Structures are given as C-alpha cells and as structure tokens.
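Peer 1: FYI, in our numbering the residues of the sequence shown are 58 to 465.
Note that these hints are calculated values from the structure, not bench results. The model shown is predicted, which means the values in this text are computed figures rather than measured ones. Fair warning: there could be bad hints in the mix.
Now the in silico label distances, taken between C-beta atoms and shown as ranges [unchecked claim]:
#1 93 <-> 341: 38 to 48 Å
#2 290 <-> 363: 49 to 59 Å
#3 312 <-> 147: 19 to 29 Å
#4 298 <-> 382: 29 to 39 Å
Derived DSS-like pairs: lysine-lysine, alpha-carbon spacing no greater than 25 Å straight-line [to be verified]:
#5 164 <-> 231
#6 435 <-> 451
#7 186 <-> 144
#8 413 <-> 435
#9 231 <-> 144
#10 464 <-> 451
The C-beta atom is built at its ideal place from N, Cα and C for all residues, glycine as well.
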Amino acid sequence: MCRHASYLLPSPGNLAVGSQVINQGQYLVPRLSSENVRRAVAGPLGVVGAPVDATLVNRLVREVGNSMDQLSLLQHALMRTFRHWQKGGSDGPVSHRDYDATGQMEKALGRHADEQFEALDDKGRQVAKLIFQRLTDLSAGDKGGRRPTLMAEIYGLAAPIPASRQEVDGVIEKFRQLDTSFLMPPPGAPLQEENMLDISHESFIRNWERLSQWADEEAENARLYQRLQQAREENEEDPNQGWIAGALLQRLADWRQTTPTNHFWAARYHPGRKVAHDWAADQARYERNMAFLQACLDAEQARAEAREEAIADKARQKQRTLYRNIIIAISLAAALLVGRLYLQARQALAELNQLKSEEKVREAQIFIDAGQYWYAVKRLEEAVELDGSNVALKDTLAVYREKLSEKE
C-alpha cells in the first residue's frame, strides 16, 4: 500500500525539505534522485536495445526537477520519444530530435491526448469531453483530482447527446489502448455497468490543457445549476421569491440549449444526497429544477410580450393621433381653400354683376334721353338687382320712378 507524495506536499516550496523527510518514511515511495532519473531513462531503453544520447539523459535529469508528476511525465515522454525514434528508422541513438518532436516532457502528454481526441468524430468528441469532465474531481485543488465513476453512470450521462453504449465504449477504448493508457481499467478488461472508470494518473489532469478548460467549463455549469436549484427551493418556500430573470436567466437558457444534461449529470451537484445512487430521487429533483427554469423562461417571455404589446399599443396611439392631426390639418386646409375660393367666386360675381349693372344704366340713359321713362325705369330696376349696394343707383331709380308717375 502506498500514497502519492503530491497529496502530502502539494506546495512546490515544500518539496526540497519535504522530500528528505518523506524519504525517511517507510510507507511512502521516495522522490527520484538524479541517479534514479538516469536509471529510469537509460534502463527501459536499454532493455529494448535503444541507445540514448548521454546529453539527452542529462537534459531529462534537469527537466524532471521537483515536479510532483516527475515519474509519470518522464515515463510518458520516454515512451513517445522511443516511438518517434522507431518510426524514424531507429538510426543512431535516441536523441534530442526525437524528444523535441514529441513536445518534450512539458507537452508530450497533452499533445498525445489531443491527437487521440482529434481522431474522434464530432459525437465521439462530445462523449470524450463528458467522460473526462465527470472523472475530474473539481473539489480536489485548483486543477482537480481523480473521481472514479461507475460505468452505469457514464452510460447514463451520454444519453442526452445521444450516444449508445457501443459509442461510449469506443471512446473509452481510444483513451485506454496500449501506448495511451489515459483511462482505467486497462485494455482487455470488460466494460460493464458495475465497473469503475477512472483516469490513470493525476498528472493527466494537471498536464492536459484541454481537460483543464473542460474542468473550468464544468465548474461554471455546476455553479449555474446550483443557483437554479437554490432559486427553485426559495420559490417553493415563498412563491414571490426566487424567480430568475435578466442576465442569469439568459445564461441558464444558453446553458440548457448548448449543454447535454440529465439527472445523471445533475446528481453530482445535488446537496444532501442520502443514497449514493438514488437515481429516482435525483431525476425528480432535476425535473423540478428544469421545470422551474422553464417557468422562469415562460414568465420572462410573458413580460417581454407584455412590454412589446405596450410598445406596440403606444405606437398605435401615436399613429392614430398622427392620422387624426393629419385629417384635421387637411380639413382645415380644405376649409380655408373652400372659403378662399368662395370669396373669390363672390368677388368675381360681384364684379360681373357690376359690369352688367353699368350696361343696364347705359341702356336706361338712352331711354331717358328719348323720354321713354317706363323703359328707363325697367333698366334701372334691373341694374339695382345686379348691384344692390350702389346707393346712388337706387336714388336715380327713385327719381325716374317719380318722373314716370308725373308723366302718367
């Protein structure tokens, strides 16, 4: 039985002194000395008959340093370096060229994991992301630790993608095959629902950058879901409380749209679980949470529609007011135009009647000169009808009516 030194002394500042203390213990595997590193490099390569450049050995001794992942990273980098040397024809000793081509000890593991990931199709990549997020314990330090998980749970997690058991198994095989061994159990061991799936070493979590990004994304998704759950519980206690709106509601809507989840995923974030795998209870809680999210979205949609209706109603009122003002303006303009035309018509008629009246007066004058007062009076009467406002004309008519009476 052994224990990783990294769990006892996670701080690099403690490694120099701590390693000496730990090496004195009888239950811990001691940290590698420089000589141990040389043997760890040259020994395995010597077994397979691969000579190694002495300067590369010295370089590896320096690069191992005080890394808490020193042995696992060294082993993986050596394996990848050896494979590159083999593909190159095994010409000469294993050298810096082979080592640099793999990404060196710092990047060899992450580059290898990326190669395996990129070889998958789109669904396989979704499954791989989901598996590694579930196998990473977000509570174990800044970059997480291992979280062994039942295969039954892994299969359940993949259902929303959707991915079959065969598709899940295919992804797992990709990451646990020989020369990879990122997942356990090792190749050949059956994948059954009652089996545990695990990451082979914590160094994989700490040194695969893509997984680190996935872990951060998973942590954010977990925070969103837990805020949803808290809001739902507050709402159940008081229906006036807990309603989600604004930016948080939009983030939850985006999360629901882009992240395949179900009660297998949510169970990890349900507080106070009394039974480790009480999937029925987890499903009920998950469905209540998601129903509450939908209720919040429906309420927000109703508010948005009400706001839009209010805006539309206000626009319609403005439009009606505008139309009414336009009609009033047109009516006023028409009335003014009609009035102006009426005045112009009356003026033109008055001028015409005046001309006709003057013509009647001239005719009357001819009859007056001839002493025919009766005809003269008739013409003057017609002239007065045409120009009734002419006072002088009325006086003239009165004079000749009197003369006509005297003559008769």
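Peer 1: Hints first: check each against the structure and report whether it holds.
Peer 2: Cross-check of the supplied hints:
| no. | hint | in the structure |
| --- | --- | --- |
| 1 | 93 <-> 341: 38 to 48 Å | 54 Å, violated |
| 2 | 290 <-> 363: 49 to 59 Å | 28 Å, violated |
| 3 | 312 <-> 147: 19 to 29 Å | 51 Å, violated |
| 4 | 298 <-> 382: 29 to 39 Å | 48 Å, violated |
| 5 | 164 <-> 231 | 20 Å, holds |
| 6 | 435 <-> 451 | 13 Å, holds |
| 7 | 186 <-> 144 | 30 Å, violated |
| 8 | 413 <-> 435 | 14 Å, holds |
| 9 | 231 <-> 144 | 21 Å, holds |
| 10 | 464 <-> 451 | 20 Å, holds |
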